[in-house]
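A.B. asks: Following the hints, complete the assembly by docking chain B onto the known chain A.
From first to last, the protein sequence lines stand for chains A and B. For the working numbering, add 24 to where a residue sits in the first sequence, where the first one is 1. For the working numbering, add 1472 to where a residue sits in the second sequence, where the first one is 1.
Hints in this document: simulated from the structure, not taken from any laboratory. Be aware that one or more of the hints could be misleading.
Stated by the list, open to error - DSS-like cross-link-like pairs, simulated, lysine-lysine; straight-line CA separation at most 27 Å:
id: 1; chain 1: A; residue 1: 390; chain 2: B; residue 2: 1675
id: 2; chain 1: A; residue 1: 390; chain 2: A; residue 2: 441
id: 3; chain 1: A; residue 1: 390; chain 2: B; residue 2: 1674
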Amino acid sequence: MSAQVLAFLCSASLGGCSLSQNHYLLVDKSLLTSDYQQADAIMRQAEKDYGAKSRVLYGMDRGMTLQLAGEYEQSNQVLDEAEEEVDRLYTRTVRTESAAFMTNDNTLPYEGEPYEQVMINVLKALNYASLNRWQDALVEARRIDHRLNVLADRTKDKAAYRDDGFARYLSGILYESTGDINNAFIAYRKAYETFDSSRGWSRTGVPAQLQADLLRTADALHLSQELSDYQQRFPETAWSSLEANQQLAQVIVISYNGRAPRKEDQFLDLPISVDALQLVLLNRGLFQGNRQQHRAADTALYGLNGRVVRVALPMMVPQKTQVRTDTIRLLPVEGAPLTVRTELVQNVTALANKALADRLPGITVKAVARAALKFSMAEAATRGAQQAAGRDAAPLVGLAVGLLTKGFAVASEESDKRSWRTLPDEIHLARAWVSPGKYHIEGAVADVGFRFMRSAASEKTLTLRAGETAILIQRVMQ
Amino acid sequence: MNVMPERNRWSKLAVLMCLLVGLAACGGETRVTRIDAGVVTDLSGRWNDTDSRIVAESMVKEALEYPWLNTFSQSKRRQPVVVVGTVLNNSHEHINVHTFVTDLERELTNSQRVTFVAGKNERDEVRSERKEQAMYAREDTQKAPGKEIGADYIMKGTIATILDEADGTKAMFYQVDLQMVDLESNAKVWFGQKKIKKVIEKKRTIF
Chain A
25 MSAQVLAFLC
35 SASLGGCSLS
45 QNHYLLVDKS
55 LLTSDYQQAD
65 AIMRQAEKDY
75 GAKSRVLYGM
85 DRGMTLQLAG
95 EYEQSNQVLD
105 EAEEEVDRLY
115 TRTVRTESAA
125 FMTNDNTLPY
135 EGEPYEQVMI
145 NVLKALNYAS
155 LNRWQDALVE
165 ARRIDHRLNV
175 LADRTKDKAA
185 YRDDGFARYL
195 SGILYESTGD
205 INNAFIAYRK
215 AYETFDSSRG
225 WSRTGVPAQL
235 QADLLRTADA
245 LHLSQELSDY
255 QQRFPETAWS
265 SLEANQQLAQ
275 VIVISYNGRA
285 PRKEDQFLDL
295 PISVDALQLV
305 LLNRGLFQGN
315 RQQHRAADTA
325 LYGLNGRVVR
335 VALPMMVPQK
345 TQVRTDTIRL
355 LPVEGAPLTV
365 RTELVQNVTA
375 LANKALADRL
385 PGITVKAVAR
395 AALKFSMAEA
405 ATRGAQQAAG
415 RDAAPLVGLA
425 VGLLTKGFAV
435 ASEESDKRSW
445 RTLPDEIHLA
455 RAWVSPGKYH
465 IEGAVADVGF
475 RFMRSAASEK
485 TLTLRAGETA
495 ILIQRVMQ
Chain B
1473 MNVMPERNRW
1483 SKLAVLMCLL
1493 VGLAACGGET
1503 RVTRIDAGVV
1513 TDLSGRWNDT
1523 DSRIVAESMV
1533 KEALEYPWLN
1543 TFSQSKRRQP
1553 VVVVGTVLNN
1563 SHEHINVHTF
1573 VTDLERELTN
1583 SQRVTFVAGK
1593 NERDEVRSER
1603 KEQAMYARED
1613 TQKAPGKEIG
1623 ADYIMKGTIA
1633 TILDEADGTK
1643 AMFYQVDLQM
1653 VDLESNAKVW
1663 FGQKKIKKVI
1673 EKKRTIF
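In isolation and in its complexed conformation, chain A is listed as follows (with noise of 0.2 Å):
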């Protein structure tokens, strides 16, 4: 009995293994070096480490770092394989689950939060209106649009995520670039109302140029008591008629800057003897420092004593940007430069730490429930051998036994820390009306104190004509 208790906790224990997170050292040294085609390449060769369990994690990091590398067409192939995965993971099989809960939650595929998978659609269209492909841009916007009414259907609790300000505004920016304006309206509407009752946890207020669109859109549908009420609410913002754009080239710029947090195992150890309880608090006096690499330890002193139950849960780890505003200049051939600052629209740490937060108590039960499964299993396994082993071998068998299955359970219990962590801290945008014609492009990123610094990565020309839309994305590491 004892034997079959151990070879199902270690075969399933096989697949409970977590992803090494090591390429993303590697992925974060290329971007900071503006490298994106090095970048895609770590992202590439670390494909295997991935495994068949975090198909989706992968195609939504590689979507990224293809996107950066400038690969549109690549990224929108692999985030497409993630969203058909995402899919096809509503259905869930009762033997993973089953496995998860013996072992850890590594081993249930990965399907993505729903602010990650909202971002899927959220890439795509920006993938394809960087390739001037504005009606694929559209279908993106449509699913976008989707996915959240079928989350806001969903999520009964209105403070939980349930709509997306930043995605509900690119729709509104795609549908005006494309020129349904009424479309373009309800976005940017729904984009507001997002952004107004959500500022609390996601940190983002309404941008002010959203205010702007609002103030513009509702003037052309000649919504008069629309436009009335939001000059009322933004009496401070200026804007302009759409007519007045019409002749004009539009630059957007997308500034992904900083890194999405990262998530790591915050192990409580639970004693359910006087004598675990004093092990316990020498253990972390002993240890005081960073618990992961302490895991060999502790599973050797907890199997020992055997009266120590480990529960591991994920801890949001933010990695915060130090730049407020990006500064993009254009530089036209003839006339004066223009100058347009960013503004913050996705603050991807709050979203982050809103879902964890959300899913919490969900994971704290089913991981004590699973820490008392694993070691009322690795008791009973413990006795049946020593009732086996007879009178004489029984207390050493007895310690062998529970040194490998209590230890088996200390040591196999790991939080799920994967997360989509390509993505950055925070999403700015800018939008700017110019004239037709030939611009050479500077960037300058502002830290905390506001001591400004060029970004050699988003220089670069751009040509418009009018009714033109043209998108810039850049990375800031800082």
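C.D. replies: Okay, now just chain B, sitting in the frame of chain A:
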């Protein structure tokens, strides 16, 4: 005495199991089966070749049955010339509109009652070829400019979807609208419409 045969039986079974596992492991993941192009293959529930074919066939049938064609042929004593305009994809899917339009064009052309001329995107390539002929081809084989046939009608339309979803069940409604517009008068002489509705159900849990 019975111990040995029992053990043998188990060892044979173990070997057989290993062989089966081995064979299963050796077998490729890809299996290809050739089937007739007309067979309905609804795999994901998204727009597929069957939808494209059904809509094209239905539209062609409609287009040929309605009086605009006979009215034109009788009054002008020739086939109407049609150019394909934009078929806008207003749906939730990245539909390859080009294959659908080609299906339609082919069916109508093969009916011998309509002449299609190259559309906006194709024309540039044809004109560039003509320009090159003027420079590089033998004089008696060169095709002169200014002899293109002007279209009588432009065919344009939209593919739109309405999508509803709850608890893993999706209801997808496709509506394809095509219209033939008289290039001289802007009059809409024919309006074709085809609707398709699909329900896609997904189970939340399986064993």
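A.B. asks: Next step is simple, just say for each hint if it's right about the structure.
C.D. replies: Each hint, compared with the structure:
1. A:390 <-> B:1675: 23 Å, holds
2. A:390 <-> A:441: 15 Å, holds
3. A:390 <-> B:1674: Judged against 27 Å, a Cα distance of about 25 Å means the pair holds.
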